[in-house]
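For reference, the chains in residue letters:
Protein chains: 4
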Amino acid sequence: MDCQPIVDKTYKKVLAMENSGNVASYIPELAKVDDTKFGVCLTTQNGEVFTAGDATVKFSIQSIAKVLSLSLVLSKIGDDLWKRMDFEPSGTAFNSLVQLESENGIPRNPLINAGAIVVCDIICELFDNPKKALLDYVREVSGIEDLQYSENIAHSEQQTGYRNFALANFIKSFNNIKNTCDQVTDLYFYLCSIEMTCEQLSYTFGFLANRGKQFNTGKTIVTPNQAKRINAIMQTCGFYDEAGEFAYKVGLPGKSGVGGGMVAILPGSYAIAVWSPKLNKQGNSYRGMKFLQYFTDETQDTVF
Amino acid sequence: MDCQPIVDKTYKKVLAMENSGNVASYIPELAKVDDTKFGVCLTTQNGEVFTAGDATVKFSIQSIAKVLSLSLVLSKIGDDLWKRMDFEPSGTAFNSLVQLESENGIPRNPLINAGAIVVCDIICELFDNPKKALLDYVREVSGIEDLQYSENIAHSEQQTGYRNFALANFIKSFNNIKNTCDQVTDLYFYLCSIEMTCEQLSYTFGFLANRGKQFNTGKTIVTPNQAKRINAIMQTCGFYDEAGEFAYKVGLPGKSGVGGGMVAILPGSYAIAVWSPKLNKQGNSYRGMKFLQYFTDETQDTVF
Amino acid sequence: MDCQPIVDKTYKKVLAMENSGNVASYIPELAKVDDTKFGVCLTTQNGEVFTAGDATVKFSIQSIAKVLSLSLVLSKIGDDLWKRMDFEPSGTAFNSLVQLESENGIPRNPLINAGAIVVCDIICELFDNPKKALLDYVREVSGIEDLQYSENIAHSEQQTGYRNFALANFIKSFNNIKNTCDQVTDLYFYLCSIEMTCEQLSYTFGFLANRGKQFNTGKTIVTPNQAKRINAIMQTCGFYDEAGEFAYKVGLPGKSGVGGGMVAILPGSYAIAVWSPKLNKQGNSYRGMKFLQYFTDETQDTVF
Amino acid sequence: MDCQPIVDKTYKKVLAMENSGNVASYIPELAKVDDTKFGVCLTTQNGEVFTAGDATVKFSIQSIAKVLSLSLVLSKIGDDLWKRMDFEPSGTAFNSLVQLESENGIPRNPLINAGAIVVCDIICELFDNPKKALLDYVREVSGIEDLQYSENIAHSEQQTGYRNFALANFIKSFNNIKNTCDQVTDLYFYLCSIEMTCEQLSYTFGFLANRGKQFNTGKTIVTPNQAKRINAIMQTCGFYDEAGEFAYKVGLPGKSGVGGGMVAILPGSYAIAVWSPKLNKQGNSYRGMKFLQYFTDETQDTVF
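Chains as they are written, first to last, in my numbering: chain G, 1 to 304; chain V, 1 to 304; chain H, 1 to 304; chain F, 1 to 304.
For the record, the hints were derived by calculation from the structure and aren't laboratory data. The hints are all genuine.
The list treats identical chains as one, so a pair stands whether inside a single copy or across any two.
Cut-off 25 Å, straight-line C-alpha distance, at most; resulting in silico cross-link-like pairs (DSS-like, lysine-lysine):
{"no.": "1", "residue 1": "Lys249", "residue 2": "Lys213"}
{"no.": "2", "residue 1": "Lys281", "residue 2": "Lys58"}
{"no.": "3", "residue 1": "Lys132", "residue 2": "Lys219"}
{"no.": "4", "residue 1": "Lys83", "residue 2": "Lys249"}
{"no.": "5", "residue 1": "Lys249", "residue 2": "Lys76"}
{"no.": "6", "residue 1": "Lys58", "residue 2": "Lys278"}
Produce the entire structure from the sequences given, and follow the hints as far as they go.
Have a look at this one:
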């Protein structure tokens, strides 16, 4: 099916609206991004690619990368992961410490900071050189052979990452982190530093729309069951305090990042990435939400 | 497609397992139910019906009815509903008052008690005889012309409903209930008293698998968009503290009740109801969870 | 010792300051009070009385009366009271439901609403006519033979008492209320409706400065140990979110009410009552706090 | 007055009871202490000293030292301290992070871990060599010229201090810590490592019973007002979750530590230290609580 007309039409519609919200400013690298950037890319199981705007400009995917660390760990240790964390919506802010206190250091799910930090701890347990292993994995899944961490962003995160250091130490006080907090947060900050374009991001997430197999190559990234489960987690936990809002308005599993990126997938069909740096109050891309809402209203695509 | 073999096979598999958990005992009417009962019914968009076990025995659908009060109100006032409540997962127990305190009497979603109570308040605002209006609506959607509230159950609920009275009064202290608390909780207790069989329940929920149109008659119950949105809410909020678990293991939108009933839908295809009174620790039917997990593993049905 | 000069001096000092804050407005009876009223009365163990301003004008003592319901129950059942509630500071708002949820319906202390409601439940258990029994008790302790409840205030409270109904029902859901919620809240609203003048209030609280014996008559109201303990509870829990502030700045045990009344005692010496209707953000009398702070700075009176 | 007979009698009474509870075991240095140790020392304003049992054996005073860091900072910057923290009871565990999250990194009071960490940050701001400055101060107040930090205990604390690192980083994420978290927690761990005997501890706290002036020397440690206020804070916040219990049963301001030490003061009269390593469920010395309760019952000493 030719999605280009709907992509174009929706892109124009959102472009014509006020570009509300604020760029994430907690680290300089994110604050200095051009806030008029706006890109879209939809990649289908059949290899079609539909783009609009700044679809080939790199941006910091931030928390979107937590889906990739999750898929790496899930493919390695399977359901043993759930001895270390849960997969329930948190109902609280992404960096909250409150629930950890009453739930003894067991994060609610792998997509909030606490959970992603424990996932990083597991990666540190699994690999001698965890930073390299993670990068190799993301290169493989994304097909970007020369992908690098952004040292600038990783260092910036590290310099102001008190909340994440607090999370790591808090979890370790409950004995749910095995390596040193420095090792674990180091990997975590590098994970969050990954940059991709919309084109690359939609291709990367293709395996979740394809029962675990990479688009084009058909290579197995995760089992069909694991793909289903990652999608279920994205649906219930992928959008911070707006998981319900996104399920309600878009109706597709997906994940967002504070860099203004957003990715969603229609199982059996496509992955779509949107990027626009200004965030709404819940920390999700303002234009990204609008685009995906209008786009799925138009196409009637939904898992529900 | 002939689902009967898989229904039968899964039924036998679960029947052979230990029947764990406990029957809800907070009211005598629920406590005295036969805990060996176990019924299943799957009804398809094409009118096929596949059953197993006690599929034609009536049981108290309890909180499952909250989806019907939601659909009634949504069909009447549309998105105005969201001025009175949110549609986010709560991350806390179904009858918790904690979030209401910090969120000024705005319930997290219409499927927890607090939200369903506000939905009942809206029904009291919309109709002169709200109890009759709600019953008429459920009769219409279910096609059960002689459906009655269970006076026994409603009275029992009323006699021990301190937590729900507390919720109603608490919400009213924030001015988010317009009628008297007695009127509202009265309707609420009657809503929870509705009884159906698995056959009736799966037919009733058919409209959510059919873009808002009733199975067989094709009558519009809600708009396609509203059907999508109700499904999204069921997916993220339908299973108390196990919303993530259900999304992860079953992968279909659905709703459970403390009577041991459970209903799930595959959009564009079918609705399935399971009933077995013993509940797991999270308050969902122990066998219901097992059945739906094994059944969807077998059929590979999932929205993800 | 002649306290009159310091009372006068402090009274003038506070009178000259801006009269900040807001009169409690949640019921009309409190809202319509003259907010320029300002009275003080200090009564000593030796029978001396020092007053300033509107010391003989009646006002609604509101939550200050919770000390009297506590002393009644403590004198009747002693430490058995603590099977039903705790005596720790709450760290949360006076009408919060949050802690009750995690602490299974056991109020933190008898001076927050939840605790006072359970105290009222106990009074309902102890007496055939609890409303009369409580009134008789307050008449005895205060020496005001013709004291009456204020029907106006009690009715007003009842009409808008949703939060207190919520508390009562919530506690009853944990089985920590034995009578009906209506009986208990009825008594509670009458308790809060009592009116006294500063002169009467300071005399009434004299027994807590006198090892449990009424000023003048020497009649035993509570044992010395119970007097000590009530004072300890007032010190740690008597001023809502400002218990620490009051201990820090005034350094005497005491209790405040949203009617703008405030009473404090110096063990072995005197009781002092202040009344001024405008409340600070924490719900304590703005001028009352100022007066007691300056007065004790001047006299160097403190328990610490 | 000769207190020796009552000290002896009470000591024997408590010694004859079961020695319940558990020694703190989170660091080896505390775990290996002899749990039968039991010492008492009461030092009066007039220079009298009454002891019983192991009154001259050194033990880790742990959190009791937080009163000394508080008095140091209060004597240096006065009420400016309260821009950085509050002085209200917390109502939660001593090492809780929950309140910090909703209260934006402002600790509830200087005697819980969070508050003591901010006090340490202020000491780091005030002095070039904060560790030496603090030690010099404690030497001066205690009169122990050769007092040393216990390197063993400080290192042990550091090795397992994840919860405290979490607190420091969390507070820093709210910008309420100015130095590095490592500097601040380092000082904090040394603060907690101080050791004294009961004799030394009761003398050290004498200034709080003496309007801010050191026993014997009469040297001013803090102003009378500051002494009053420190006592008020100890009364409302000095005993973790048992502040109310201690106020109720003992009725004196005081502070406890997980080393099993406990100190209390009667303003204008004496300071008393008790040590017995086994802790009750709230983390206060089991025998310490018993001793002070029985002792004050006997002497009728109380601030209330």
